[in-house]
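Asker: Sequence:
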Amino acid sequence: MKTFEELYTAWVDGALTEEEAAAFEKQHPELLKERDDMSKLKKLLKRNLVPVKFAHSEFFTSKLMEQIVPVERSLPSWFRIPRLA
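Numbering (my numbering), first residue to last: 8 to 92.
Accuracy of the hints is not assured; some may be wrong.
Derived lysine to aspartate or glutamate pairs resembling EDC-like cross-links, with alpha carbons at most 20 angstroms apart [as the list claims (entries may be wrong)]:
#1 Lys49 / Asp20
#2 Lys9 / Glu26
#3 Lys33 / Asp43
#4 Lys9 / Glu27
#5 Lys40 / Asp20
Have a look at the derived ranges for each label pair, beta carbon to beta carbon [said to hold, decoys possible]:
#6 Leu39 / His63: 42 to 50 angstroms
#7 Val76 / Glu12: 28 to 36 angstroms
#8 Glu32 / Ser64: 36 to 44 angstroms
#9 Lys49 / Thr10: 46 to 54 angstroms
Just so you know, these hints were derived from the structure itself, not from any lab. In this text the structure is predicted, and so the values were computed from the model without any measurement. Quick reminder that beta carbons are idealized off the backbone N, C-alpha and C, glycines included.
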């Protein structure tokens, strides 16, 4: 059985089947206004926000990777042994 949060998210996104959506709406009629507000917000954001292309996205990604890789290498060698982990 799915949790309320999983059902709610799927319901808002329109990912539930018609039967599941009908059952969810019957259990939670107060949420219908929230879904309408969410769809209005989505439309507003799509209409007013423009995707931005970073000028130097490769540089940004490389700096992130420099910070991630040392963390992986700093693990003690015994941590990689499955029976001790």
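Asker: If a hint holds in the structure, say so; if it doesn't, say that too.
Answerer: Comparing the hints with the structure gives:
1. For the proposed pair Lys49 and Asp20, the alpha carbon gap of about 11 angstroms is at most 20 angstroms, so the pair holds.
2. In summary, the hint linking Lys9 to Glu26 is supported, as the alpha carbons are separated by about 15 angstroms, within the 20 angstroms threshold.
3. Restraint check: the Cα-Cα separation between Lys33 and Asp43 comes to about 16 angstroms, which is no more than 20 angstroms; the hinted pair holds.
4. For the hint pairing Lys9 with Glu27, the CA-to-CA distance comes to about 11 angstroms; that is within 20 angstroms, so the pair holds.
5. Distance check on the hinted pair: Lys40 and Asp20 sit about 14 angstroms apart at the alpha-carbon level, within 20 angstroms; holds.
6. A C-beta distance of roughly 45 angstroms is found between Leu39 and His63, which places it inside the suggested range of 42 to 50 angstroms.
7. With their beta carbons about 34 angstroms apart, Val76 and Glu12 fall inside the hinted range of 28 to 36 angstroms.
8. For the pair Glu32 and Ser64, the beta carbons lie near 42 angstroms from each other, so the given range of 36 to 44 angstroms is met.
9. Checked against the given bound of 46 to 54 angstroms, the beta carbons of Lys49 and Thr10, roughly 23 angstroms apart, lie outside it.
Against the hints set out earlier in the document, a violation occurs for number 9 only.
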